[in-house]
Structures are given as structure tokens and as C-alpha cells.
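**Student:** Chains as they are written, first to last, in the numbering used here: chain X, 307 to 599; chain C, 321 to 1108; chain P, 108 to 268.
For the record, the hints were derived by calculation from the structure and aren't laboratory data. Please read all numbers here as calculations on a predicted model, not as lab measurements. Glycine is no exception: its CB is placed at the ideal position from the N, C-alpha and C atoms. Where hints are given, some of them may not hold.
[Stated by the list, open to error] Reference listing, derived: stretches of chain C covered by chain P, where coverage requires no fewer than 3 residues with Cβ under 8 angstroms from a Cβ of chain P:
hint	region
1	341-353
2	557-570
3	827-841
4	1039-1045
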Amino acid sequence: MIRQFDYLRPDSIDAAITMKSRHGERARYWAGGTDLMLQWRRGEVMVDHCIDLTHLTGLDGIEAFPGEIRIGAMATLDDLDRATSMHPVMEALGDTARLMCTKQTRTLATVGGNMCNASPGADLSPLFVALESHCLIQGPNGRREVSMEDFLTGVNTTDLGAEELLCTIVVPVPQARREASYRRVARTVVDIALVSAAVSLTADAGTVTDARIALGSVAPIPVRVTEGEKVLAGRSLDDIGAGHLEEAAGHAATVARPISDVRAGAGYRARMCPVLVRRALADALGRLGGHEG
Amino acid sequence: MAAATEAAGHRSAWRVAGKGIPVKDAREKVTGSLKYAVDLEVQGMVHGKILRSPHAHARIISIDTTRAEALPGVLGVVTHHDTPQNVWENAWFNYRGKILDGIARFHGDDMAAVAAVSEDVAEAALELIDVEYEVLDAVFDPEAAMQPEAPQVREEGNLRDPYVVKWGDVTKGAEEADFIVETEIRFASQQMAPLGRNACIAEWNGDRVTLWTSSQTPSELRDGIHEAFGIPLSRVRVIALPSGSSFGNWWSANFMLITALLARKVRKPVKIELSNEECMATVKRRHIEISRGRMGCRNDGTLTLAEFDHIIDNGGYGFKDDVGFFCVDNWGRAEHGHYAIHGVNTNLLTAGCMRAVGDVTLGSVVERVADMCAIRLGMDPVEFRLKNQIKPGERLRMQHSRQYMKGSLEQYLEGIPEEDRQAWPKLFHLSSGSTDEILRKGAEAFDWSSKWKGWGVPYAVDGPRRRAVGVGTGAHVCGVEFEGNVSAVVRINPDGSAKVHCAVGRQGQGSETTQAQVAAEELGIPFDKVEIETGDTDSCPWSHGSLASNTMYRVGWATRAAASDAKRQLLDIAGREFFDSPRHELDVVDGVICSRDPNKRNIRITVEEALNHFRGTDALGQASSITGRPQGPMPPASTFARHFAAHFADVEVDIETGEIKLLDFLATQDSGTIMNPQVMKNQMIGGAICGAGFAIYEALSFDDDGRILNANLLDYKLLRAADFPLRGEVIYGDSYDPVGPFGARSAGEAPAAASGPAIAQAVYNAVGTWVDMPMTPENVVTALDTLH
Amino acid sequence: MIRMTVNGRTVDLDAKPHERLCDLLRRALGLYGVRVSCSEGECGSCTVIMDDEPVTSCLVLAMQAEGREIVTIEGLGNEDNLHPIQEAFIEEQGFQCAFCTPGFIMAAKAFLDENPDPTEAEAAMAMSGNICRCGAYPYIVQSVMNAAARLREGGSVSNTG
Ligand SMILES: Cc1cc2nc3c(=O)[nH]c(=O)nc-3n(C[C@H](O)[C@H](O)[C@H](O)COP(=O)(O)OP(=O)(O)OC[C@H]3O[C@@H](n4cnc5c(N)ncnc54)[C@H](O)[C@@H]3O)c2cc1C
Ligand code: FES
Ligand code: FES
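Full structure from sequences and hints, please.
**Tutor:** Here's what the structure looks like:
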């Protein structure tokens, strides 16, 4: 069979959803195409209709609102990199974007695509989870919201309904100071993470009010290290010592459920979790002014 | 060597040789106008695609092409039923087999092919070929494949006769040693991962065939077509185009022969263009190698014994019994030694010569065992190398007969007249060069003495990060003789320009430029007036092409000899017609013929004038040209010539994550005269990066069915600009070779062999234990576990 | 028919719905300097500039480029009239086989437009979106630094011998 598809260009979100409803399963939303093009060419994904989202306007902005930052699903990784100065939480996102892909694919790859493709190794997902983000979704039945933790459901699967479109990722920015960090092990300077850890620490009046730790590439979806988070939450910044970081990080090893593949063995991945968590915590803590940073 | 010193003294007088001239095709290269085979089209051409085996070892029981042939747009299908059943061979036994014979010997092997009006149709037709396979037992592990009861990959059996070299008496070598160290290393397979892919177009005119493809070995490909199709060589023309990076991938490949087969079937020009995955999973790779070695050493640091046993897996179609052992030569001062190389077939992708074959792997083992001796002694590795590595005039450790020869080298040489051999260096002894000078210069430039803190001692510790330095050396041959001799033709045109015809590759190593430099220097004709044809077998005499570091040494020898012959003819004419002098009194400088006789200083005749002497002023196009070719036999390079590299690495290892960062790197090399430093620096650093990639990340990964899991650049990791230190500085040795053109030897392979050992040693010094290659983060962490 | 601007000229092209931009540029316009090697976004050989941004054209659908402005290596300079970046690559010999070179030069162009006075480390990072299997990296980075200097000095697009 000759591999080919029809090309559709919606001029609005509604039009895109209508097209998807009409053409069904093998109609695909096409964003940057940096995942989809490869999957289609390898025969992993069948496409009869390509619904090109790149000519849509209004989905690619990154904007600050009171208490939150809204990242349009069609914002590229390059846009994310350029938005670093908007807010401290955006710094971690920008730093992460810069680790991803290559310059000439960051100009194509979208933030929404990274989430919807839902690869266990996607760099942004653990960080969005650590940042308490949620998704704004639109479908034939209107709009809805879902937390990023619930949005990602498995390897290449999400909570999106067949016709639904991811429109926006909302990153909350609390009143209190929040610092985040993302650490990964990769091979060359351009690589998919072998294993990764994202953390965010929120501090109010010198006390950690909220700690979130999420691991990447060690399970189908990002894994929260809740026991580790508890070690830090409620503690004053001045109190937190190397032992606390070590203890919090230690819990990472127990929740990771990695697999072995061509990139790395399960044992190595599991072993790196505490190391990366400790380092990411130290980064965030350092920015908040803690001793052990 | 007095003659060499004298000749080296002439370097300052050279006008073209030794100059960093931009490569001939530089403008085409930076504007993107240079054409590779993938860019070529010919009138009326159609497209071919290859059906690939889904099994690692299987026999076709039946194959039905009816449905495929019925697909609109399909022009024809070839299977083993319409394939001549002749065996063809790629150079140096890199492939030996039939074009299609109905047997799959590796996953992805060629089984049939379709020609159609478009690639899409051809691809769709592949799915319509109905094949019934009998799946056969397969063997993937080289040691398992050596067992007599193993599944046999080939009719000839899996195992080749070993390549064995002995000298002295190993028992004595062991007795004389104060201590003996030994190790075993298993190397994964490196992939050439050629950037730029490849394509082939074949067209038959009557019973003559022409092929256009990117190849380093135009003559060898012509020979392969002749063997496979059983047609006279005179009916085969290969036009080799420049290739992307090759590292040995693009010599002759079976897909090129399939293209010719399809074109004959459909009687139209056919183009087969390989995908990146096909380039990485169906052509070639470096062998999987398993090496055991030991060395004996005295307490004063003198090696007494060197013993190695080395297994190489040839995959499905490789047929090699040896790999580069020039690393053993390099450490061959040990008076007693023995090594054996065993070639064995497996049901994995065909393996063959990749850049510095053997010297990257066996070389790493030799360097490792030598370093283990130095560790026992607590001796500086630079010093240990200076003490134990070969110097000019010393014995080379090689066998005197080869797989493809009827008798020994001595028997072959007996046939060559004594007077022709007189000027040759002493056979089986190193003619010139060594690591000596470059180790000293390199150590100084790298500030080795202040960074080297002793074995297993980093020079800096920063939290989990350890920094340390290492040195590694590598050697490789300068071309291998026999299996035919190499020639070249140099024509001087009536307008005073010249053209070199020599069959070499254009895979980026700059031969189109350096060969032209050799000819221009010899002829005395300005470089801009010397052009070159490298790819057309109808105009270029036979040559191995660009493999085994042949090009500068052996083709360069032929090019210089051809230029010298042409110049001799030119000076005969000028002497007779203008100077009334014998030719030895004349010379050509910048395209002008002049005399050494002070009384004839005022006579200045251009080359153009000399060649147009008898032509009427208004007769256009009547003048004749001169054709020069080498006279006499070519000296057998492998029996005396080597090139050497010494590399210095500064690394940082994170002992928690196992990540390695290269902080600094210095490459030094002894290749005799450097014909073109611009070309040379790239050969050195490019080689270093090829070796560094192998040392840290590069390894093909196979599943339990012998399928390659990472035939893509996402998971076959190649280094990038920010992964390798930016110091572009390189250092050259100053030796002068007695045979190579203007004292030059070869360049491209020793640097690929030296960098891995340098990095491995630096990592040892950083963390206190050896890490086997590839030194991925995971392997580093695993190796560190053995410390505790 | 789709319309786009390629190397400063408006062109109407007959693109197939599933055709990639790299294939269209090669097939319909003969722009063979747009090189295709990995087809996976990894190697950067196929880099072109689309609306001032570097993109790997093997991952872009031709239809996505409708209405956009594309610059390929052919739009930068030609053999009689080299762009300063091309001159710099020759001077530093920032290539061997050169299959990768157009992609590197286009990436360098986009980078230097954004960062005319980079450090070596920045240049090395910016050149890491491309692969040079021949390993000319240190000289590629030197070429970019050399080009940056030429462009800062006013870098006339001139003819050098
Ligand atoms: C060279 C290279 C390097 C890479 N490196 C990294 C890396 O380091 N880290 C990393 O995480 N990833 C990496 N990737 C993967 C990829 O670039 C990212 O996942 C990217 O963000 C995907 O975005 P896209 O716009 O290209 O998605 P597309 O390929 O267009 O789409 C991906 C999937 O999401 C769906 N989709 C896209 N947008 C929406 C939407 N708004 N609503 C509903 N469905 C949608 C599509 O239908 C498709 O199934 C790399 C890819 C390449 C080619
Ligand atoms: S061909 Fe497009 S990135 Fe390699
Ligand atoms: S020059 Fe050959 S790949 Fe870069």
C-alpha cells in the first residue's frame, strides 16, 4: 500500500475538532510533526488525514495571568526557551526546553505535542507535574480541565478523548516563592533522557510550604516521590541539611519502576533516581537561599 | 637515513607540496552544489527497492512475484531464480557471496528486488511478493559460531584459517619477564553510520553496463560486477561519485550489484537509493571482537613478551582472516611474541573493514595490557611508550604470506629484478617515522608533566567529579600491496594544463586535492592548471582505491611516478627542440621550462610552447599531449611503511552518574611529509572523534533474533560539536619517507586508533579502574562497583 | 498549487499532501543543497531557514510551508559570489565530505543572525543540532567564529580567490 494522506487546514479550533469528528481514528492533529512524521513514516501510526494545526492562530502564546502562566499547546520549545525571563518557574521550563531536541527541531516541536505524544521519556512531563500544572482541553462537547498528573495515562496514551484537542497548559505561580529544577542523564548533548527528575519547592517566610518531586523515564508516566516530598514540606529552609536531601532522594529509588531498553538498563535507571533528585533539590534549594543548595 | 634528510631539506623549495591549499572542490562543497550519488538522475530512469529478510537465517522455499508484478507501475522483479550464481568479492574479503541466492544470512539480507516507476510503487510492491521461508538455526555469538556443532552460516564453514604470527620464543619471553599481566576485552560493533546515505544507478547498453554510485573503490566495484555477471571487464564502466562520510562503508556493496541486475531485467536505467536505516542495518559494520592478551615485562620497563588471541565476527558475508595488527608492530620491540586472529561468520549483519580495522580494537587491548605493565612499574605512560615502541629500522611483526596470495611475499619478490628493488627500504623493517617525536612534542604542548599525577590519580576532584589525563598511541599501515598493482596516468595537455587520472575515493579525505598537489609539484605546473579524474574506470587505471590508507602512499607513489614519466617526455622534447641539452639539465618551474646551464638561462619556454612547437599558428586543436605512467614495480608498502598517532585526552568523570566529559584533546601524528595541513588536521581530528565515539557511546545493539535495535541516529549516538573539545591544534612529526611521494606517508586510520586508548587511560586515571568500551554512563557506574 | 517564497522568489509549486518540504525543494526546484540523510531530525543536513528560523525540512510538510519564506544554501551565495559564512568555512576548512556542510552553514546563518558575537562555547552548542560524521567539529566552530568576525566587520558578500 502506498503511504499517503490528505491534508486539511482548519482555520479555527472548532473547525479542527469538526474535521477530526468527521474523519475519525485515522485523522491526526499534526502539530510540529517531530514525533508524528517519524511515527507515520515508520508505519507505527496510520494517517488518512493530516489536520495541520500550525496555521492556527491563538494557540501558540505564552502569557502571564494573575496566579498562573498559560502556555498555548502550539507554543514551540523554542518559544518556551525565549519565555524564560517571565517568571522563576519559567526558568526551569526554559532550561529544560534548551536541553531538548536540537535548535532546528525546537523551532518546530510544540509543548502540546510533547505532552500529547506522552512518551515516558518526554522531558517536560515530570517538570509540569512537579509544577502542579493542568491542561485546558476542548472537544465536541466543550471545554474541560484536567491536572497534568491525570492527563498522562500511559505509554503514548493520554486522557484526551478521540476528538479532543489540548489547547493550553496552565502553570500556577503561587504568591510564595517557587523554584524548580530539572536534572537528567543523557548521552551526547542531543539525546532523550535516560532517566530524569524534576522538583519544585515553594517557600513562604523561610519555610517550605510545598515540595513536589517527579521522576521521568522510569515508568510509563511521571512518578511522584511523595514520601520524599514529606521529608521537606514544613521544614524551615535553614534547617534543611544534606541529610534531609539524601533522605528525600532515597525514597526515589523505591518508587521507580524502570525498564531496560537499548538506552539503559533498569538497574542503572533506578540507581540514578536518588542522585538526580538530590541534585535537583539542591538546585532549587540554592535558589531559594537554603544552605544545602 | 641520509637521503631522507637531504630530501627533507628540499621542503622549503616546494611550491605546492606541503601547502595548506583549500581543497579543489571547496566552493562546490560550501555552496551545496557538489553532487553525490543520491543527487543524480539519468534520463528515463526508474526506481528500485530491495526485499529484505525478516529472519536472521532462512532459506526461501518458494517465492511468488505475480501479485507484485501485477501492481500498476511495476516494471519487473528479480529473485535468485534470475540471478547469475557467480560469487563476487568486495576488496579485502569484506564480502563474499552471490548477488541473490535464496538464503538469508542476516536479518535484513537482500532477498529480491522490484523496479517500478516510483519509489512509492516499488515499496508497495515489496509487500506483494509472497515468500515462504524455511527458518534455519542461527548463531550470533562469535565464540559459539566457532564450535563445530554451530549452525553453519556459509557453505565454506564459519571459521577461516587463523592469521598467525610468531617471533622469538614465547616460553623464553615469559621466563625473561619479571611479571606478566593479562586481560580480556569484548568489543561491541561500531557502525560507520555514514552521513549522506548512498544510491546507485545502473544502465545497460547492449551487453555493456555503466554504474554511477558513491564509492571509494571504483576499480574494485568494476571487478565485482565482472565476477558476479561473468562479463568481460571491458564491458563494465563504473563512474564513482563523491560520497558522504564513509569510513569503509562505501566500497562495493551488494545493493550496487542488485541495481545492475534490476536494470538488466527491465532494460532501463534503475536507481536504488538506500534509506538511512538500510545504510545502518544492511551494508556493513565493524566486527564484534573478542581479544585476550598478555605481556611480560622486566622491572626496568623492558617488554619481553607480547601474546594476543583475537576473534573477529565476519557477520553473514565477510570473509576476513585478519584485521589491522599494526598496533602489535608498534609495540613489537618485545623480543618474543605470538598472535593469532580468527575470523568467524555469524548470522549478524556483514562485518568488514571500518576505519583502522583491528587497530581500534586489538589496538585498544595492546595499549591496555601495556598500560597494565606500566601500572605495575609505576612508570609514566609516555615514558613507557617511548621505551617500548618501534623505531625506524626495527623489525615489523607480520606474516610473510596472505590469504589471497599463492606463495609468500619473498617468493613474490624473487620475481622482481634486483635493480628495481635496490632503492627499496629493508623489507619487514620500519622504513621511517615512529611515535617517538610526536609523543615528546605532544607531551610538552599538552603540559603532560604537570597534569599527570600517577596511575589512577586524578589531578582534580570537585565533589563527585574527577579530572585526569591519558595518552594513547595508534598505528596503521600505509596501504597493502598485491591483489593487483596500483597505477595512475598523468596527461600534459597542449595548453600547458595537466590532468591526473587515478582511481581513488572522494569521501572527504581530500585526495582529489592532495593527488593533484603531488602531480603539480612533480610536473612543475601550477596547481590551478592541474585537474583530476578519480571515479571513471574507463579513464583511470586500476587501483585499490581509498582503503587501508592506500591513497597518499601507494596511489600517490603512482601519481608521482606518472607525473615524472610525463615530465621526462616533456623535457626530452624541450631539450631536443629548444635547448639542445639532455633532459637532466632542464626543469619546469611554474609551467616554464628552463635550464640549469648558466649559458642557457635566458631561454624560457612554456609547457604550452613546447607542445605546440610543430603546429602552424592558425591550426587549432592540432597539438599533441603527453601521457605519463609509472614505470617499474611498486615497492610493497605493508612490509615497511606505517603511520603513527599519539593522542592526549583530559577528561572529567562524574562518579555518581558515570557521565564522561572530554575537557581537552590534543592530536599529534607522524605521517612523514604533510602534503596539505588543512586536509591533515581534519583527518587527525576526524579520526580522533571516530575513535572517541567508539570509546564512549557507539555500539550496535542486537536483539535475540539478530536484529539491530538502533539503526538510527536517535539511539546510535554520534558525538556532536559540543561533545568534543574545541582545541583544533594538531602537531606533526617531521619524518621523511623514502618511498612515499615527497616523503609523505598515509594519514586517516592511526588517529582513529589512538583516541580510544587515550580516553580509556584518562578515565582509568580519574576513577582508578578500567572501563570497557563503550564507556557509557551505565558501564562506568558498573565498572566502579567492582572497586568496592 | 501552493505559493511560497524560496530564496527570495515567489514560486507556485505542485506539492503532494504528504510530501516533505525537503523532497519538494529537491524535486520541484532542483535545490540539491538541501541534503537528506537521517530523515529523523537528528542530523540537521536538511536544515533550511523558514521565516527566519532554522528548521529540519525533513520534518516539515510542504503544505505547512505555504505562505512562508524559505532560504536554502542556494539562497545564501553561489560559487561566484560566496556568502561570508561560506568563505569562512573554506578558510578554516570546516568540512571533509561536506554532505553536512549546507546544513551547518544554514544553522550558522540563523545563529549568527540572532547572536552576532558569540563565544566559542555558544557556537559549539549552536552547531550541535547538526551531525558531522567526518568530525570536523573544532573547525566548524572556528568557521562560525571566523564568519562572525567577517559579518561584524561589514562582511561584504565578495569574491575571494
Ligand atoms: C531530533 C529530535 C530530538 C528530540 N529530542 C527530544 C528530547 O530531548 N526530549 C523530548 O521530550 N522529546 C524529544 N523529541 C520528541 C519531540 O520533539 C517532542 O515530543 C515534541 O515536543 C513533540 O511535539 P510536536 O509538535 O512535534 O508533536 P507532533 O509530532 O505534531 O504530535 C505528537 C502527537 O501529539 C498529537 N498532538 C499534537 N498536538 C496536539 C494537540 N494540541 N492536541 C491533541 N493532540 C495533539 C499528535 O496527533 C501526535 O499524536 C525529539 C524529537 C526529535 C525529532
Ligand atoms: S535529514 Fe533532516 S535532520 Fe537528518
Ligand atoms: S564533512 Fe562529512 S559529515 Fe561533515
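**Student:** With reference to the structure, classify each hint as holding or not holding.
**Tutor:** Hints and how they fare:
Check result for the region 341-353 of chain C against chain P: holds, 11 residues qualifying (beta carbon to beta carbon below 8 angstroms, three or more required). Here's how the region 557-570 of chain C fares: 6 of its residues keep a CB closer than 8 angstroms to some CB of chain P, so the rule of at least three is met and the hint holds. Taking a C-beta to C-beta cut-off of 8 angstroms, the region 827-841 of chain C contributes 4 residues in contact with chain P, enough for the three needed, and the coverage statement holds. With 7 residues having a Cβ less than 8 angstroms from any Cβ of chain P, the region 1039-1045 of chain C passes the three-residue criterion, so the hint holds.
In this structure, none of the earlier numbered hints is contradicted; all agree with it.
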